[in-house]
Amino acid sequence: MAAIAVELRDVVKEFAEPEKKGEAFAAVNHVNLQINDGEFFSLLGPSGCGKTTSLRMIAGFELPTSGEVFIHGKAMGKTPPYQRPVNTVFQSYALFPHLTIFDNVAFGLQMKGVSQLEIKPRVQEALAMVRLPGYEKRKPKQLSGGQQQRVALARALVNRPEVLLLDEPLGALDLKLRKEMQLELKTLQREVGITFIYVTHDQEEALTMSDRIAVMNRGKLLQVGDSSGIYESPNCRFVADFIGDTNFITGKVHSRHGDTVSVELTSGVWVEAKSDQALNTGQSVTVAVRPEKMHIRSGTRLPNWFEGRVTNIVYIGTDTHYSVRLPGDQLVRVREQNDMPGYSRPLANEGDSVWVGFAVESARVLVE
Amino acid sequence: MRESKSVQGTLLATPAMLWMIGLLIVPLILIVVTSFGQRDPDGNVIYTFSLHNYIRLAGIKTNCGDGAAVCFDSLYLRILVRSVGLALATTLLTIVLGYPLAYYVARAPARRRNMLLFLILIPLWTNFVIRVYAWIRILRAFDLLYTPQAVLVGMVYEFIPFMILPMYTSLEKIDPSLYEAAADLGANSLRTFLKVTLPLSLPGVVAGTLLVFVPVMGTFVVSDILGGKQFELVGNLIQGQFLDARDPTFGSAASVILMGMTLIVMIIYTRKFGFGEEVAIT
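Residue numbers (this note's numbering), protein chains in the order written: chain V, 36 to 403; chain D, 126 to 407.
Please keep in mind that the hints were generated in silico from the structure rather than gathered at the bench.
In this text, all values refer to a predicted model and were calculated from it rather than measured experimentally.
We put the beta carbon where it would ideally sit given N, CA and C, even for glycine.
Among these hints, one or two may not hold up.
To be verified - Residues from chain V that keep clear of chain D, each with C-beta distances beyond 12 Å, as calculated:
no.	residue
1	137
2	213
3	242
4	253
5	268
6	288
7	297
8	299
9	301
10	347
11	350
12	356
13	364
To be verified - In silico PhoX-like cross-links for lysine-lysine, where the CA-CA straight-line distance does not exceed 20 Å:
no.	chain 1	residue 1	chain 2	residue 2
14	D	320	D	298
15	D	320	V	147
16	V	211	V	221
17	V	155	V	174
18	V	172	D	320
19	D	298	V	174
20	V	309	V	287
21	D	320	D	397
22	D	320	V	174
23	V	155	V	172
24	V	309	V	328
25	V	176	D	298
26	V	155	D	320
27	V	176	D	320
Let the hints inform the model, and build the full structure from the sequences given.
Now the structure itself:
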C-alpha cells in the first residue's frame, strides 16, 4: 500500500453568508479523504460543490473551520501557504506580469534561498520540461494562453513540491489545446512522479487523466474511485447523472436474492438490477442504466426486456441514439453502435414498436 | 479610408489644439519674451533683449554697498533651492503617508471601497484657501504657525489625495491571486510586498509624483498663509513681482527658471520611471 500524501480528516469549512446575517454556509461538509503518494487524483463536481475550497485548504489559503489537513502525515494546523510543501497552478495562472518568464519560474527557488548557480539550470530544466525552452526573457503578456499555462506549471514544478495542486488549470483554453494539455499533464505527472490533485468540473477530463476521482456535490464527498469504478458503479443518483449519460427508472423494491434486486416499476412491470446497499422491501429506488448498455431487439422474453415505441432517432455517425417510450410513460435513451458490416441502417424507425432491454448486471439500484 | 480617418482625427483635435495654442503656447512665449525685457520707472515693460533679470536672479549685483564692482547675493538662489526641496519633501511625505492608505482602500471589500474613496475626496469640495485658513488655528495650537514645518504640513494635506488616487488605481488593479501565488511559492507577506505589490504599484507612485511635484513647485497660497512671509517660495516671488513690485519682467524670468527647473527634474525622473503607464509590465 502506497504512503498517503494528503489526508483530509473530517474537514468542515464554513463561510458566513452576507445575505443571511449570522448564518454560515458549509462549503465543505465533513469530508474524509486520503490521497496516495504519486497518484493523479481529481476532485470533480459542479461549481460550488466545495472542490476548490478543499484544494485551497490543502494549499493553506483557507483554514478549516474544523477537522484537519495532513500532508505526509503532518498536521498542517495554521501553517501558512509559504511553509507548506505544496505548490499550486492557479486557474488564472497568476503569473507575475512584471517579471520575465525566467524570474517567474525562479521565484520559488529564490524565496527558498537556492543559490543563483543552481537556479539557472533548474529553471531551464523546468522550461524544457514544459516545452518552452528559450522563452526566459519574455514577459507573460507576450505568451499565448497555452504557453502561460505551461509557465505556471513550470513555476510550480521547479520547486519539486511533495504535492502539486491544480485548480481547473485548463479551464481557459480552447477544446483542442485542452485535449493536448490533458495528455501532456498526464505524461508529465508520470515522469515527475509527484502527487497531482486536480480540480475540475469536466467529467471527461477527470476520467481521461485520473488514477482516482472524488466526486463532490454541495460540500459533501459522494464517491471515491477509479475512472471505471465511478462510471460503472456509481453509488448515488448524483454521481450516475453527473458522470456520463444515465437512464433513471423509478420503482419500489419487491424482493432480493443476494445482490440481485427485483424492482417493481410504477407501470407494474418488474426489472432486476444489482445493488450492494441495504434495502427494505417497498422502499422507493431508482434503477440506473447507461444508454450504451441498453439495446434494441426485435423480440425476446428475457428479464428486463420491455416493449416500447421509438419516439426519436438521432444518427451521429459512430452511434445512433434512440429515444424509446416504455410502458408507464417512462422515456429511455438507447445508444447503439453502428458496427454492423457494411452500410449501417437504423434498427427501427420513428413510431415503430420495439423490444428494449438490458442485462441485469448493467443496471444498478440507487437509493437517492 | 485610412486617410479620411486621419483627417477626421485632425478635425476632432482642432478645437483642443486651438485652445492649447491660444491659452498655453502664446502666453508661454509672451512670458519668455517679457523675461528678456526691462521695466521702465512707471512699471511698463520695455521689450528689449537683456539678460539683466537672469543675472539678478543668479544673485550677481553691480550696485554693492561696500563699493565693490560686483558682489553676490544668494537670496533668489536660496528661494529656488527651498522650492525644490519643499516639493521633494512634500512628494516623499505624500508617498509615505498615502501608500498605506491607498493599499488599505484597495484591499478593502468592494462595497466599502467607494465609501473610502469618497471620504478621501470630500475635502476637495471645500475651497482650498478656506481649508488652508482652517489650518491656521490647528497649527497655532501646536505653536507651529509661520514655520517651514507649517508649510510642509499644509502642502502634504493639500496634495495627498492626488497621490493616493493614482496609487490606489495601481494597487486595485493587482490580481489578488498574485498574492496567493507569491505565498504559494514561499514568500511571506513582507517579501510578497517587496517582490510583487511594490513593483506592480510603481506606475501609480510615478503618476502621483507627477501630479504632486509639479503643482507644489509653483504654489504660493500655502506658504503665503501658513509660512507668514518667513518661508518664501518661487511662487511667492513671482506673485510679488507681478502684484507688489510691479516688475513683470523679473517675475517672468523667475517663471521661466521655475518651469526650467521643474522640467529638468521631471525629465530626469521620467527617464528613470516613465510617466506612470504600465511600462513595467510590457
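Hints, verified against the model:
The Cβ of residue 137/V sits about 14 Å from the closest Cβ of chain D, beyond the 12 Å cut-off, so the non-interface label holds. Residue placement check: residue 213/V keeps its beta carbon more than 12 Å from all beta carbons of chain D (closest about 21 Å). Under the 12 Å C-beta cut-off, the non-interface status given to residue 242/V relative to chain D holds; the minimum distance is some 28 Å. Every beta carbon of chain D lies more than 12 Å from that of residue 253/V, the smallest distance being close to 25 Å; the non-interface claim holds.
Separation of residue 268/V from chain D is adequate, the least Cβ-Cβ distance of about 37 Å exceeding the 12 Å criterion. For residue 288/V, the requirement that its beta carbon stay farther than 12 Å from each beta carbon of chain D is met, with the minimum near 50 Å. At roughly 54 Å from the closest C-beta of chain D, the C-beta of residue 297/V stays outside 12 Å, upholding its exclusion from the interface. Chain D leaves residue 299/V outside its interface by the beta-carbon criterion, the shortest separation being 54 Å against a cut-off of 12 Å.
The claim that residue 301/V lies off the interface holds: its Cβ sits roughly 51 Å from the closest Cβ of chain D, which is beyond the 12 Å cut-off. In this structure residue 347/V is separated from chain D by more than 12 Å, as the shortest Cβ-Cβ distance comes to about 46 Å. Listed as outside the interface, residue 350/V is consistent with that label: its C-beta sits roughly 45 Å from the nearest C-beta of chain D, beyond the 12 Å cut-off. With 12 Å as the threshold on Cβ separation, the claim that residue 356/V sits away from chain D holds: the shortest Cβ distance comes to roughly 42 Å.
Distance to chain D confirms residue 364/V as a non-interface residue, since its nearest Cβ pair spans about 50 Å, more than 12 Å. Note on residue 320/D and residue 298/D: the hinted pairing holds, with a Cα-Cα distance of about 16 Å set against a maximum of 20 Å. With a CA separation close to 14 Å, the supplied pair residue 320/D and residue 147/V stays within the 20 Å bound. Note on residue 211/V and residue 221/V: the hinted pairing holds, with a Cα-Cα distance of about 16 Å set against a maximum of 20 Å.
With a CA separation close to 17 Å, the supplied pair residue 155/V and residue 174/V stays within the 20 Å bound. Under the criterion of a C-alpha separation no larger than 20 Å, the hint pairing residue 172/V with residue 320/D is consistent with the structure, at around 18 Å. Among the hinted pairs, residue 298/D with residue 174/V is consistent with the structure: their alpha-carbon atoms are about 18 Å apart, no more than 20 Å. For the given pair, residue 309/V sits about 14 Å from residue 287/V by alpha-carbon distance, which is consistent with the 20 Å threshold.
Between residue 320/D and residue 397/D the CA atoms are separated by roughly 19 Å; this keeps the pair inside 20 Å, and the hint holds. With a C-alpha separation of about 16 Å, the suggested pairing of residue 320/D with residue 174/V holds against the 20 Å cut-off. For a cut-off of 20 Å, the pair hint linking residue 155/V to residue 172/V stands: about 13 Å separates their Cα positions. Only pairs whose Cα atoms come within 20 Å are accepted, and residue 309/V paired with residue 328/V is accepted, the gap being roughly 14 Å.
Restraint check: the Cα-Cα separation between residue 176/V and residue 298/D comes to about 15 Å, which is no more than 20 Å; the hinted pair holds. With a C-alpha separation of about 19 Å, the suggested pairing of residue 155/V with residue 320/D holds against the 20 Å cut-off. This hinted pair checks out: residue 176/V and residue 320/D have alpha carbons roughly 18 Å apart, not beyond 20 Å.
Violated hints: none; the structure is consistent with every hint.
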